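Chemist: Once you have looked at the hints, place chain B on chain A.
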Amino acid sequence: MATIDGDYMGMGLRIDDLDVENVEYFKHCAAHDFHLQACNQCGRFRYPPTTACPWCMSRESTWKKVEGKGTVHSYTEVHHAIQPAFRGKTPYMVLLVDLDTQKGQPTPDEALRVIGNLCTPDGQLAPPELVKSVGVGTRVRMVFSDVSAGIALPQWTIDETAQQPDKPWRYAQE
Amino acid sequence: MPLPRQEVDGTTPKYLRDKYAIVGIGETTYTRGSGITTRALGTWAVRNAILDAGLQPGDVDGMLDYSGGDSTSATFIAGDLGLRLNFYMDCVGGGSSTEALIGIAIGIMEAGLCKCVAIFRAMNGFSQVRIGGTGARSAAPVAGDMLHNRAYGWQSAGQSFAPTFMRHMYDYGTTPEQVAHVKMFHSRHASNNPKAYYKKRFTVEDVISSRFICKPLHLLDCCVETDNGTCVIVTSAERAKDLKQPLVLIRGVVGRCSKPRLDMHYQHGPISRVAGYYAKEILWPNAGVGPEDVDITGSYDAFTFTSMLQLEDYGFCKKGEGGNYVSDGTITLGGKRPNNTSGGHLCEAYTHGMNMVIENTRQLRHDVDDSCPVGADGKRRHTFDYKEGGCRQVKDVEVSANLGWANPATTSAMVMRKGW
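Chains as they are written, first to last, in my numbering: chain A, 59 to 232; chain B, 1362 to 1781.
Hint data in this document are derived by calculation from the structure and do not stem from the laboratory.
For clarity, every value in this text was computed on a predicted model and none was experimentally measured.
Misleading hints may appear alongside valid ones.
One-sided excerpt, in silico: chain A residues whose CB lies under 8 Å from chain B [unchecked claim]:
#1 Y105
#2 T134
#3 E135
#4 V136
#5 H137
#6 Q141
#7 Y150
#8 D167
#9 N175
#10 L211
#11 Y229
Glycine residues also receive a C-beta, built at the ideal position from the N, C-alpha and C atoms.
Pulled out of the complex, with its shape left as it was, chain A reads as follows:
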């Protein structure tokens, strides 16, 4: 296996060949499929990729397909980008999304909270008017931003088929 290099909006992304967990994670993403490690011992999924199970310490796991649907748990809306790649893209939204899969397990406070930007269905960063429509409680589905062979980033877009809250919770000051 070789190190995978990608260029995302001018930002270099690199997956080292020794980083087998991330190689596998992004390989599935590149195929527009979301897979997470499921522990061979306790069966729980974890995110992001880790080298052992955070609940039972087992080192053995199996990559399994997970449905990319969930609810926005919290977010930030970035108005002052610090990375060159994101300048000119503001405001952009970083979403922390509770996956439906395994939500509230193994304790009520836990969830697979998956990061992603708010995107259009084709995986482009969402325009400002779309950003204004999303908040805590918004139902989202996973899409992918293609970077290069072996790398695509899982992202979030509004789930058009889901029942949405009347008014998702947004920060007071617009």
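Modeler: Positioned in the frame of chain A, the structure of chain B alone reads:
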């Protein structure tokens, strides 16, 4: 000093309470554009602390420091000052390191490895490695764990912590105006601190009308980036009695205490909870006091929100009532329990926690360096008039608490008391 509460059981031996002291403090000028190396800043700060303590160079035989690869090793600071060390170690870390390293200093002295430890942090946080993540740091290639954060434009401290801040507003109805009070009060404190980088007083309106960095953070919710060296010296209380300064005793420490899932702490909620929730169970029993016994706090203000969240989870108010606690006047000079009387990271300087320990040490000496007149004995005659440009000494302060922050999932803390 209130008596230790009887019902608590410390997890470290109680005989360590009051056994060690902060005997020396040192700072360089707080600037943007120091024009010198971190080696020179560290040397300057350690020298100032040795002189402040009234120690001889040969008395310091231990050295600890911390950085994120943006500073100079103890090797060179000790060498430049002619110190032969019996123990030294350079540690990786930013905020939350100060109190943790004081804990380590106590541990290595208790184990007999050395007798007097200088702890320093030297950084060109504005002119070399920008702590906010701009400059060279923002353009570095993204690999490993960063593929799950930086690739999303989720990199700087503010961006990383924002989901915690936002969720606190969602969970508890905390308002932007409440949180903005932290900046207003700290700026008032800084206006009475001649060495503060920003001495201007700000209003709540100034904060919430400043431009957004990343919601819910406005520009004025964020701390300053500065260049500085800072140092504290720790030795036994026994030894401290023969030194120059009024005795300031260490009651208890908790170091780098964390929430679950440090690899990505948002996996474990409630995400509006910070590590103080766990750390308070070590801090207060170790110190033998509770929040109600504390006169002044130094709750890390990398952002207005961080002060509030820590004060709340360490138990200075009920969970969810932090917005009220930081806006009702409690934390300002003249209030019941002032926080960050130097102006803290929001106004005085960014030092990764050191200046808050230095300030509380001065407070417990009853000798903060404000503009009050100095008497013939060299001591300031504090007026306790907190008007702009005036006094910032808290009257009759006996007990302080420093609450350090690395991120929502990591904290360190320390209780000190007046020992004279």
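Chemist: Evaluate each hint against the coordinates.
Modeler: Outcome of the hint check:
1. Y105: With Cβ-Cβ at 7 Å, under 8 Å, it holds.
2. T134: It holds, given that the least Cβ distance between T134/A and chain B is near 3 Å, below 8 Å.
3. E135: holds, 4 Å
4. V136: Because about 4 Å separates V136/A from the closest Cβ in chain B, which is inside the 8 Å limit, the hint holds.
5. H137: holds, 4 Å
6. Q141: holds, 5 Å
7. Y150: Since the shortest Cβ distance to chain B is 6 Å, the answer is holds.
8. D167: Holds, about 4 Å.
9. N175: holds, 5 Å
10. L211: For L211/A, the interface hint holds, since the closest Cβ of chain B sits about 6 Å away, which is under 8 Å.
11. Y229: Check passed: Cβ of Y229/A comes within 5 Å of chain B, closer than 8 Å.
Hint compliance for this structure: every hint is met.
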